[in-house]
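Undergrad: Residues per chain, in single letters:
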Amino acid sequence: MMSRALAIGVAVALAGTAGMAQEPESFKRTDSRRPYAHHLELIDSEGRKFDPRAEGAPPFSIYQTCRTCHDVAKIEHGWHFNAAADPGDAGRPGEPWIWTDERTGTSIPLSFRGWPGTRRPEEVGLDPLRFLQIFGRQLTGGARTYAGADVESGRFRITGDLPIDCMICHSASRSWSHEKWAKTVAEQDFAWAAAIAMGVAKVEGSVRGLPDDLDLTTDEGRAQLPKTTYDPAKIDLDGHVFFDVVRRPTNEACYTCHTVHGVGEDADPRWIRDVDVHLRAGMSCVDCHRHGLEHHTVRGYEGEQHPTGIAVDSLTCRGCHLDQTDGHGAVVSRGGRLGAPMPLHAGLPPVHLDTMSCTSCHSGPLPSARAGQVQTSMAHGLGLPDQLRGPEDLPGIAEPVLRRNAAGVIEPVRMTWPSFWGYEKDDRITPIPPDVAFRNVRRSMRVRERLRPDAHAEKPTAEDFAAVVGAGRAEEPEAEWTPEERETMRRRLAERTEQGFHGRLVTALGAFQKGAPEGAVAVAVSAGKVYRLDGSGEALAIGTHPDAEPYVWPLAHDVRPARMSTGANGCPDCHSPQSPFVHGTVTALGPAPDTTPRTTSMLELMDLDPTLTAAWEQSFRGRDAFKVVGVIAAAILTLVVLLQLFVGLDAVVRVLGRRRGKEEAS
Amino acid sequence: MSAGLIDEVLSAYPTAIVVGLGATALVIGVHAFAARSAARQPAPQVRPLGRLAWLGTVACVLVLGGTAFATILSYGVMHGYPLLFHVAAGGAVSFALAVVALTWARAMRRGSSSRPDTLTRISFWSVLTLGLIASTTMLASTFPLFGTAGMEHLLDVHRWSGLGLFITTALLAYLLRAGRR
Numbered sequence: 064m065m066s067r068a069l070a071i072g073v074a075v076a077l078a079g080t081a082g083m084a085q086e087p088e089s090f091k092r093t094d095s096r097r098p099y100a101h102h103l104e105l106i107d108s109e110g111r112k113f114d115p116r117a118e119g120a121p122p123f124s125i126y127q128t129c130r131t132c133h134d135v136a137k138i139e140h141g142w143h144f145n146a147a148a149d150p151g152d153a154g155r156p157g158e159p160w161i162w163t164d165e166r167t168g169t170s171i172p173l174s175f176r177g178w179p180g181t182r183r184p185e186e187v188g189l190d191p192l193r194f195l196q197i198f199g200r201q202l203t204g205g206a207r208t209y210a211g212a213d214v215e216s217g218r219f220r221i222t223g224d225l226p227i228d229c230m231i232c233h234s235a236s237r238s239w240s241h242e243k244w245a246k247t248v249a250e251q252d253f254a255w256a257a258a259i260a261m262g263v264a265k266v267e268g269s270v271r272g273l274p275d276d277l278d279l280t281t282d283e284g285r286a287q288l289p290k291t292t293y294d295p296a297k298i299d300l301d302g303h304v305f306f307d308v309v310r311r312p313t314n315e316a317c318y319t320c321h322t323v324h325g326v327g328e329d330a331d332p333r334w335i336r337d338v339d340v341h342l343r344a345g346m347s348c349v350d351c352h353r354h355g356l357e358h359h360t361v362r363g364y365e366g367e368q369h370p371t372g373i374a375v376d377s378l379t380c381r382g383c384h385l386d387q388t389d390g391h392g393a394v395v396s397r398g399g400r401l402g403a404p405m406p407l408h409a410g411l412p413p414v415h416l417d418t419m420s421c422t423s424c425h426s427g428p429l430p431s432a433r434a435g436q437v438q439t440s441m442a443h444g445l446g447l448p449d450q451l452r453g454p455e456d457l458p459g460i461a462e463p464v465l466r467r468n469a470a471g472v473i474e475p476v477r478m479t480w481p482s483f484w485g486y487e488k489d490d491r492i493t494p495i496p497p498d499v500a501f502r503n504v505r506r507s508m509r510v511r512e513r514l515r516p517d518a519h520a521e522k523p524t525a526e527d528f529a530a531v532v533g534a535g536r537a538e539e540p541e542a543e544w545t546p547e548e549r550e551t552m553r554r555r556l557a558e559r560t561e562q563g564f565h566g567r568l569v570t571a572l573g574a575f576q577k578g579a580p581e582g583a584v585a586v587a588v589s590a591g592k593v594y595r596l597d598g599s600g601e602a603l604a605i606g607t608h609p610d611a612e613p614y615v616w617p618l619a620h621d622v623r624p625a626r627m628s629t630g631a632n633g634c635p636d637c638h639s640p641q642s643p644f645v646h647g648t649v650t651a652l653g654p655a656p657d658t659t660p661r662t663t664s665m666l667e668l669m670d671l672d673p674t675l676t677a678a679w680e681q682s683f684r685g686r687d688a689f690k691v692v693g694v695i696a697a698a699i700l701t702l703v704v705l706l707q708l709f710v711g712l713d714a715v716v717r718v719l720g721r722r723r724g725k726e727e728a729s
Numbered sequence: 110m111s112a113g114l115i116d117e118v119l120s121a122y123p124t125a126i127v128v129g130l131g132a133t134a135l136v137i138g139v140h141a142f143a144a145r146s147a148a149r150q151p152a153p154q155v156r157p158l159g160r161l162a163w164l165g166t167v168a169c170v171l172v173l174g175g176t177a178f179a180t181i182l183s184y185g186v187m188h189g190y191p192l193l194f195h196v197a198a199g200g201a202v203s204f205a206l207a208v209v210a211l212t213w214a215r216a217m218r219r220g221s222s223s224r225p226d227t228l229t230r231i232s233f234w235s236v237l238t239l240g241l242i243a244s245t246t247m248l249a250s251t252f253p254l255f256g257t258a259g260m261e262h263l264l265d266v267h268r269w270s271g272l273g274l275f276i277t278t279a280l281l282a283y284l285l286r287a288g289r290r
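Respectively, the protein sequence lines represent chains A and B.
Read in order, the letters of the first sequence are residues 64 to 729 in our numbering.
Read in order, the letters of the second sequence are residues 110 to 290 in our numbering.
Any given hint could turn out to be false.
Partial chain A-side listing against chain B, Cβ under 10 Å, derived [said to hold, decoys possible]: (1) 238; (2) 326; (3) 403; (4) 405; (5) 412; (6) 470; (7) 686; (8) 689; (9) 690; (10) 692; (11) 701; (12) 702; (13) 710.
Just so you know, the hints here were simulated from the structure itself, not pulled from any lab data.
Keep in mind that this is a model prediction, so the values were computed, not measured.
A virtual CB, placed ideally from N, CA and C, is assigned to each residue, including glycine.
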């Protein structure tokens, strides 16, 4: 009976639930500051309450269970859930989903929101089901509203819907498991994900191996679906389950999807890094990134338009810390929310506040000579235990990178370079899906597991030792070499590795070209470069293309304390030839070995005139002397003017005195 | 004076540039025409260093005005190479004005042997006073003394005193030149 109910529920999913929309009057509030204790009856995807203690109980539907009291139909149009449902609501470009495949070296920024530089998942062969399997690990649900899935048909009949899961953000219990959620979604067990992640149930079996055409109208078909068993310890005497719900999500809930951590040889170890200064001050993420029932989370950038029409300017850096004035200097919105201190920016010419974002001086790691490398939850699946995760994993993301945005304002961003195999035609490069590409790549590139620079790194030969350190020192450990000898050997091996890679690349591109569409040219994209076969077909031609350019998105965290902001040590923090803010560089990251990677300076990315910049830097070298001379000159001027003033006053006094004398004489 | 009225006045700066420069040119032109056959005043007795400093002041003020007014009228703000040249000339004019003050003050006093006319004396002391205000406002902004609001006020004072400096320098240069013909 319950299996039949489950099968019907899985089959109709949200279409049925949409037809049973709750009336607004049924949505409940307590209007109390005391959190409501959510001891809830579980409801299945068909909208029917069931006893979890019963044999063959179905997986509960978080959507149906929560909508008893809450307007989930409205909530699922919130920012984290609405990419497909509200496509016009893209806002400022943000972090994309990045489809990576280590075997083929593929790394493609994706988005349903149409952000420039990203591709829609379906463009690269990712249907909604596959998208959910790959990225559901860091998705808060929303198969229909986020991924645009038709949850009533196809394989979704078997997997069930993956609705928004409120408990990902609103669970106060540390027992909510990100790992279980990710694994369950990857196995296509969508309907079971909420129950398993909450830890209230276990499931035997998986949807993954079931055929697409499984007949769920028969007992035999339904019997193949996973079996759900609820933990009796989590069920109270009334058959209710306690949902440990908080109104305001904890920071740790946000970190599920929004963790960033530095990797690479330049990165500080975790215990050295400080949290955002706002968190250190006792604030939480949701103090700024807030929303109402509509769940349209404020992102906090200037110019953000909130769909409710409510002005959210005061939730930006400037809006919170500074008074907002109109064109005539009248205050229209006071700063100081939540006790935000007002920055004086003493000695900073106001032009900086117009041409630079607050984040350019206050956010992210301190600029250094080379941009660092980071991994993020969305891109690298942080939060899921993995002993193989390393700094070389795709995608490579650099930060901080300072650039001038379309509005002409300098801001810090994260930058990632797409890499993929593709076909170039009519000024556009279309990626080849990785599983298709692997058929050629495996043989021609001799890839076993990962296509990356170190996978086919050349080892030193006797000839190398003889050339670098001399044959007599071949047995000497490298630690005893000079730095120059180590660098010479490294460069020698890198060049040979690159040559070998290029040779295999020619073979691979030749194989791809055989299957190319009419008029298309097979290419490989990596780290901002496009590799094509030259006219002879036996060598590479390396060039550029707009589709190979990096994708960037602004960063705003972690915010550094005022004393660690750029400029806290004075003007030379930026206006000096050694300034990493201006003269730091960012090197393109990609899976292809490259001895001459594209390296760009922040000066170029910020669109600064090199001559003018150098002139300003030189002028600041003599600034202290100028101040001394200036003060002396001003003092001289002041004394001369005052002297004349006193002389003039003296003349006035004498004139008045003579007139007084004449009056007395007369 | 209400804050709104002050803002109205401050926002009229581009108009003030055009009106001020135009009025100055008109006054000089009319005076030159009217006084073309009048008796010439002898030039003030000033050391060569003083004359050199005065020439330097005029040159710097020309650069300052040219870079400021052209960019303000064209773009509303000053940036890039015009700003760089403006800052360089500003530093030079501070020094030049101090030398001018030391070398010309005695000659420009009432009752000096040079007997400069009243208009010339008023122009001279206006140049020094406005130059002092214009240079001191920018000198103060190079120290971490004022926050953003204070820096914007300093900038407003600098703009208006700078316009005044340009006008009075032009006037004084004409009067000194006219006296030497």
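Undergrad: With reference to the structure, classify each hint as holding or not holding.
TA: The hints, checked one at a time:
1. A cut of 10 Å between beta carbons decides the hint on residue 238 of chain A: the least distance to chain B is about 49 Å, and the hint is violated.
2. Taking 10 Å as the C-beta contact cut-off toward chain B, the hint placing residue 326 of chain A at the interface is violated, the least distance being around 37 Å.
3. Among the interface hints, the one on residue 403 of chain A is violated; its C-beta lies about 15 Å from the nearest C-beta in chain B, farther than the 10 Å criterion.
4. The interface hint given for residue 405 of chain A is met, as the beta carbon of that residue sits about 8 Å from the closest beta carbon of chain B, less than 10 Å.
5. Among the interface hints, the one on residue 412 of chain A holds; its C-beta lies about 6 Å from the nearest C-beta in chain B, closer than the 10 Å criterion.
6. With a least beta-carbon distance of about 15 Å to chain B, the hint placing residue 470 of chain A at the interface is violated under the 10 Å criterion.
7. The criterion of a C-beta within 10 Å of any C-beta in chain B is met by residue 686 of chain A, whose closest approach is roughly 7 Å, and the hint holds.
8. The criterion of a C-beta within 10 Å of any C-beta in chain B is met by residue 689 of chain A, whose closest approach is roughly 6 Å, and the hint holds.
9. A least Cβ separation of about 6 Å between residue 690 of chain A and chain B falls short of the 10 Å threshold, and the interface hint therefore holds.
10. Because the closest C-beta pair between residue 692 of chain A and chain B is about 6 Å apart, less than 10 Å, the hint holds.
11. Hint on residue 701 of chain A holds. Least Cβ distance to chain B is approximately 6 Å, under the 10 Å limit.
12. Because the beta carbon of residue 702 of chain A sits about 8 Å from the nearest beta carbon in chain B, less than 10 Å, this interface hint is met.
13. Interface hint status for residue 710 of chain A: upheld, as the beta-carbon distance to the closest one in chain B is roughly 7 Å, under 10 Å.
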